[in-house]
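Dock chain B against chain A, hints included.
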Amino acid sequence: MGNNIEIKRTGEYEWRIPRIGNMKVDAIIYASEKLIKDMQKDITLQQIKNVAMLSGIQKYAIALPDAHQGYGFPIGGVAAFDINEGIISPGGVGYDINCSVRLLKTDISIKEFLKYRHKILETIFRNVPSGVGRGGRTRITKDELKDVLEKGAKWAVDQGYGKEGDWKKTEENGCMGDAKADEVSEKAIQRGLPQLGSLGAGNHFLEIQQVDKIYNEKIARAFGISYEGQITIMVHCGSRGLGHQVASDYIRLMEKEYGFKHLPDRELINAPIQSKLGERYYRAMCAAANFAFANKQMITHWLRESFNGVISCKIDVIYDVCHNIAKIEKHEVDGELKKVCVHRKGATRSFGPGREEIPEMYREIGQPVIIPGSMGTASYLLVGTKKAEQISFGSTAHGAGRVKSRAAALREFRGNEVRSELAKKDIEIISTSWKSIAEEAPQVYKDIDEVVRVSHGVGIGNLVARFIPVSVMKG
Amino acid sequence: MNEKYYYLEHTADAKFQACGSNMEEAFKNAALAMFNIMCDIDRIKNEKEMEVKVEGDDLKALLYNWLEELLFILDSKNIIIGEVKNLKISKMENYRLEAVVNGDDAGKYEIFNEVKAVTYNEMFIKEEVIGEKKRIIIQVVVDL
Numbered sequence: 098m099g100n101n102i103e104i105k106r107t108g109e110y111e112w113r114i115p116r117i118g119n120m121k122v123d124a125i126i127y128a129s130e131k132l133i134k135d136m137q138k139d140i141t142l143q144q145i146k147n148v149a150m151l152s153g154i155q156k157y158a159i160a161l162p163d164a165h166q167g168y169g170f171p172i173g174g175v176a177a178f179d180i181n182e183g184i185i186s187p188g189g190v191g192y193d194i195n196c197s198v199r200l201l202k203t204d205i206s207i208k209e210f211l212k213y214r215h216k217i218l219e220t221i222f223r224n225v226p227s228g229v230g231r232g233g234r235t236r237i238t239k240d241e242l243k244d245v246l247e248k249g250a251k252w253a254v255d256q257g258y259g260k261e262g263d264w265k266k267t268e269e270n271g272c273m274g275d276a277k278a279d280e281v282s283e284k285a286i287q288r289g290l291p292q293l294g295s296l297g298a299g300n301h302f303l304e305i306q307q308v309d310k311i312y313n314e315k316i317a318r319a320f321g322i323s324y325e326g327q328i329t330i331m332v333h334c335g336s337r338g339l340g341h342q343v344a345s346d347y348i349r350l351m352e353k354e355y356g357f358k359h360l361p362d363r364e365l366i367n368a369p370i371q372s373k374l375g376e377r378y379y380r381a382m383c384a385a386a387n388f389a390f391a392n393k394q395m396i397t398h399w400l401r402e403s404f405n406g407v408i409s410c411k412i413d414v415i416y417d418v419c420h421n422i423a424k425i426e427k428h429e430v431d432g433e434l435k436k437v438c439v440h441r442k443g444a445t446r447s448f449g450p451g452r453e454e455i456p457e458m459y460r461e462i463g464q465p466v467i468i469p470g471s472m473g474t475a476s477y478l479l480v481g482t483k484k485a486e487q488i489s490f491g492s493t494a495h496g497a498g499r500v501k502s503r504a505a506a507l508r509e510f511r512g513n514e515v516r517s518e519l520a521k522k523d524i525e526i527i528s529t530s531w532k533s534i535a536e537e538a539p540q541v542y543k544d545i546d547e548v549v550r551v552s553h554g555v556g557i558g559n560l561v562a563r564f565i566p567v568s569v570m571k572g
Numbered sequence: 005m006n007e008k009y010y011y012l013e014h015t016a017d018a019k020f021q022a023c024g025s026n027m028e029e030a031f032k033n034a035a036l037a038m039f040n041i042m043c044d045i046d047r048i049k050n051e052k053e054m055e056v057k058v059e060g061d062d063l064k065a066l067l068y069n070w071l072e073e074l075l076f077i078l079d080s081k082n083i084i085i086g087e088v089k090n091l092k093i094s095k096m097e098n099y100r101l102e103a104v105v106n107g108d109d110a111g112k113y114e115i116f117n118e119v120k121a122v123t124y125n126e127m128f129i130k131e132e133v134i135g136e137k138k139r140i141i142i143q144v145v146v147d148l
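These protein sequence lines are chains A and B, in that order.
Reminder that position 457 of the first sequence reads as 554 in our numbering, one-by-one numbering, no gaps.
Reminder that position 48 of the second sequence reads as 52 in our numbering, one-by-one numbering, no gaps.
Just so you know, the hints here were simulated from the structure itself, not pulled from any lab data.
Hints may contain errors.
To be verified - Pulled from the structure, derived: some chain A residues nowhere near chain B, Cβ distances all over 12 Å:
id, residue
1, N119
2, K265
3, N270
4, D275
5, E325
6, W399
7, E429
8, E454
9, K484
10, E514
11, E525
12, E536
Stated by the list, open to error - Lysine-lysine pairs mimicking DSSO-like chemistry, simulated, CA-CA at most 30 Å apart:
id, chain 1, residue 1, chain 2, residue 2
13, A, K243, A, K265
14, A, K239, B, K112
15, B, K57, A, K284
16, A, K353, B, K57
17, B, K8, A, K532
Stated by the list, open to error - Away from chain A, derived, C-beta distances all over 10 Å, residues of chain B:
id, residue
18, L63
19, K130
20, Q143
Glycine included, C-beta positions come from ideal geometry on N, C-alpha and C.
Same shape as in the complex, but just chain A:
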C-alpha cells in the first residue's frame, strides 16, 4: 500500500516526501521509526502526498505522529491554505466536525473517589445520554437549535448548564463567531434536534481518571493539576448527526459545482475559500462546531450534578480542544505573518506562549493540549509551543489512532474479556453495548505513549501530566 512511496528521513522524528509530480509542496511526517511503519501499512502516506497537491497549500502538508488512513485527508493531517488562492475541504475537517475533548479537574483524590466509584459511574450513565438512536434528555425547538448553532457553549450556560468560567476555558471561547445557522440544512437540523446533549457512540467516551505522573510541576499547577492521585475527567464527543450531515451536504454541493476529475482523489473535493460555496461551508462548519461546544457544556453540567449527588466536590474546566476543524489563523510563511486557513483533521491546536487565542489565565504559559488515549490506556496533558507554530502551523497529535480494523478487533477480542482485562488493572467500564467494548479494545490503537513521546521529542507539544483511567463510560 503506502510503502512504495519514497520517503526520506530528515531528522530523528522527521521524514519527508519530496515534492514530485503534481505536488505543490513537500509532505512532512513527524514520527518515530515504529510509527512510520504503522503508517506504511495503509494509505496514510499516499493521502498526505495527495494533500500536498491541493491549490494554495503553504509550506508543506503535515502528518502527525498518530496519522492513519482517513477520508481524503489522513486522520492526523494538517494543511494550511492561502486565504486568497487556497481551498477549504470538508475531507480536511472530517465528518465529525469539532470532534473534541474537554478536560475537567476535581478537588477530590483517588482515595475519596474509590469509596463511591460504582455509584458515581452509574449515576453518570443514567444522567448523560449515550449510544445510538437514543437521543438527548432535552427537547428543544428548531429556533432554539439555531441559537445553539450561533452561540455554542454560551447558549448552554445561559440556559443554566454550567457557569461562565467554563466557556472562557474553551478553544474559541466555546463559540466560533463566524457561524451562520442559515447555512445548515433543514436535514442537518432535524438530525441534531434529538441529539443535543448526548455523548454518541463509537470512540466517544467519558472517563474518570487519576493523575498518574506530573512532568512539569510549574505548568501543571498553572493548569490546576496539583498532585498525583488527583481525580480528573475527560469528555470526548462531537457534533453528532448534525455535523455529519453538514459534511455530506457540502461534499454534495461542491461536487456539483466544481466536480472532482481534477483531483487526485474524489474525497478531496473542495471549494475556493473565497467562493460563495467555500464561505457557506465554513460558516456551516462553524455552526456544527458550536453544536459540539454546547453538547460538551451540557454534559459537563450533568457530570457536576452526578458527582455532587454522591460526593460533594468542585469540578472545573481545565480546557477544551477541537480535533476536527478548519480555522482562519495567522502564521509565519516565508518570514511574513500571513492569514491562512488551517485544516486540522485529527489534530490538536498547540499554540505557544503569547498567542492572543489562548485564554488570558494561560497566555503566558502556552495552550493546554489534551491528548486522550484509547479505552484503558493513559491520556496526556501537554502544553503548546512556539516550535509548533514554526513547524506544524501550531498543531500536534490528537490521540492514539487505530492500527487494527474493527472486524479484526471483533475476531480477536470479546467484550466481556476486554472488560475483565480492564478490571485486572482496576478500571471499571460501563456501556450500552458489549460488542462496542471489544471494538475499542486497547490493542487496536497505536501506542499513545509513543505518540506523545514523539510530540515532545519534536517539540510540537511538551509533556505536562499523564492520567490513567479509573472509571470509563463508553458511548
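Just chain B, lined up with the frame of chain A:
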C-alpha cells in the same frame, strides 16, 4: 459467509460488499449490510414502515443518497431499519429510487456502532458475469 453481503478489512472505518442478481437487490442488501454494522438486524422487529424516495445524477450518487437517507431516518426519528421492500430504481433525466423500509425504535436494541456517514471512498458498483449468470456487486466504505 453471507451471500448477500460481507465485510472487508479497513483500519479505521467499515468496508462492505453487497451483491444481488440485479441492481435493486444489490441496493437493498447494501442497506442491510450498513445496518448490520450497527446492530444484529435479524433481531429488529419491523413495526414502523416508511416510504423512502431519493434521486442521484449517477448510480454512485444514488447509492450514496439512499444510504444517507436511511442514516437520516435513524438520527432524526431514532428508527433503526431491519427490512427493505419494493425497492425500485428508474432512470429518467436522472436516477430515482423508491422503497418501503421497515424498522423499530433504536433505543430497544443493543447498538454497537455508530455509522456517521456514507463515503465515496473505494466505492464501486460493478456487474459480474459468470457463465449465464449476472451479478451486481457494490462496495461501500462507511465512516465510523
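Handout entry: Exclusion check [B/K130 not at the chain A interface, CB over 10 Å]
Key = holds (17 Å)
Handout entry: 30 Å limit on alpha-carbon distance, applied to hinted pair A/K239 and B/K112
Key = Holds, because 26 Å separates the two Cα atoms, which is no more than 30 Å.
Problem - Assertion that A/E525 lies outside the chain B interface [Cβ separation over 12 Å] - result: holds (20 Å)
Handout entry: No chain B beta carbon within 12 Å of A/E325's
Key = The claim stands: A/E325 keeps its Cβ more than 12 Å from every Cβ of chain B (closest is about 34 Å).
Practice task
For the pair we were handed, A/K243 and A/K265, check the Cα-Cα distance against 30 Å.
Solution key: Holds - the C-alpha atoms of A/K265 and A/K243 are around 22 Å apart, at most 30 Å.
Handout entry: Cβ separation check - A/N119 to all of chain B, threshold 12 Å
Key = Answer for A/N119: holds, closest chain B Cβ roughly 20 Å.
Handout entry: No chain B beta carbon within 12 Å of A/N270's
Key = The claim stands: A/N270 keeps its Cβ more than 12 Å from every Cβ of chain B (closest is about 27 Å).
Problem - Distance rule for A/E536, whose beta carbon must clear each one in chain B by more than 12 Å - result: violated (7 Å)
Handout entry: Restraint status (C-alpha distance of B/K8 to A/K532 at most 30 Å)
Key = With a Cα-Cα distance of about 23 Å, the restraint between B/K8 and A/K532 holds, given a limit of 30 Å.
Practice task
Check the non-interface label on B/L63: least C-beta distance to chain A beyond 10 Å or not.
Solution key: It holds; B/L63 is separated from chain A by about 15 Å at its closest Cβ, greater than 10 Å.
Practice task
Take a quick look at A/K484 and tell me if its Cβ sits farther than 12 Å from every Cβ on chain B, holds or violated.
Solution key: holds (29 Å)
Handout entry: Interface exclusion of A/K265 relative to chain B, criterion Cβ beyond 12 Å
Key = holds (30 Å)
Hint check: a violation occurs at hint 12 only; the rest are consistent with the structure.
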